[in-house]
Amino acid sequence: GAVVSQHPSRVICKSGTSVKIECRSLDFQATTMFWYRQFPKKSLMLMATSNEGSKATYEQGVEKDKFLINHASLTLSTLTVTSAHPEDSSFYICSAWVTGSRPLHFGNGTRLTVT
Amino acid sequence: RKEVEQDPGPFNVPEGATVAFNCTYSNSASQSFFWYRQDCRKEPKLLMSVYSSGNEDGRFTAQLNRASQYISLLIRDSKLSDSATYLCVVNLPSGGSYIPTFGRGTSLIVHP
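From first to last, the protein sequence lines stand for chains L and V. Following my numbering, the numbering of the first sequence begins with 442 at its first residue and continues without gaps. Following my numbering, the numbering of the second sequence begins with 1134 at its first residue and continues without gaps.
Any given hint could be a false lead.
Only part of the chain L face toward chain V is listed, based on derived beta-carbon distances under 7 angstroms [stated by the list, open to error]:
#1 LEU467
#2 MET486
#3 SER530
#4 PRO544
#5 GLY550
Listed next, the stretches of chain L that the computed footprint assigns to chain V, with coverage defined by at least 3 CB atoms under 8 angstroms from CB atoms of chain V [stated by the list, open to error]:
#6 473 to 485
#7 531 to 540
Everything labelled a hint here was simulated from the structure, so no lab data went into it. Don't be surprised by glycine CBs; every beta carbon is placed ideally from N, CA and C.
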């Protein structure tokens, strides 16, 4: 079945540093990738929609200069959390999608802790 | 009104019980419907697709009711391992295309 690889699975960083998270679709070409964040015991929150070769579309309230998304190819999207602060600590999950009737496939998530 | 709505629960049931969740969607032009399962601190995993004709996989049955704009998930003979959050996903029309949209999830707790 389709596999989405997300890396790293866990990262601890200091305030003010930037963290890059990679999301790769391993055996299919994803026309669209989605980035979510999830706080403990809360729902998934869509942050942005990323289409290959075009600028990401950010949800209301998500700072595009804070969360940089690059979707350089049909198999790779990256999310960079710039100048991270403790309130950015969360579980970040990507998903990859081939438009149409197919289901989403998720990466295994990145747990970010900013100290 | 949210585009995709679920009762957050929690649904607290004993082992062996039958439990059903519903998920309503607001746009009648929606297409493609899915149920996902999410365990604590893990990513969502696809449980099953949902069709008007119904879809059964072992103890799990999913159904789409287009007239009333909801999908359902029935779990028979609940196991402790079924404890999780169940998310419905509906592909909603958006700008000439469709976007997968999540409900907030329904929490299920199966106790001995």
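Do the hints match the structure? See the list:
1. LEU467: LEU467/L check fails; min Cβ-Cβ to chain V is 15 angstroms, beyond 7 angstroms.
2. MET486: violated, 9 angstroms
3. SER530: violated, 13 angstroms
4. PRO544: Where the cut-off is 7 angstroms and the nearest Cβ of chain V is about 5 angstroms from PRO544/L, the hint holds.
5. GLY550: holds, 5 angstroms
6. 473 to 485: holds (count 3)
7. 531 to 540: holds (count 5)
When the structure is compared with the earlier hints, violations turn up for hints 1, 2, 3 and for no others.
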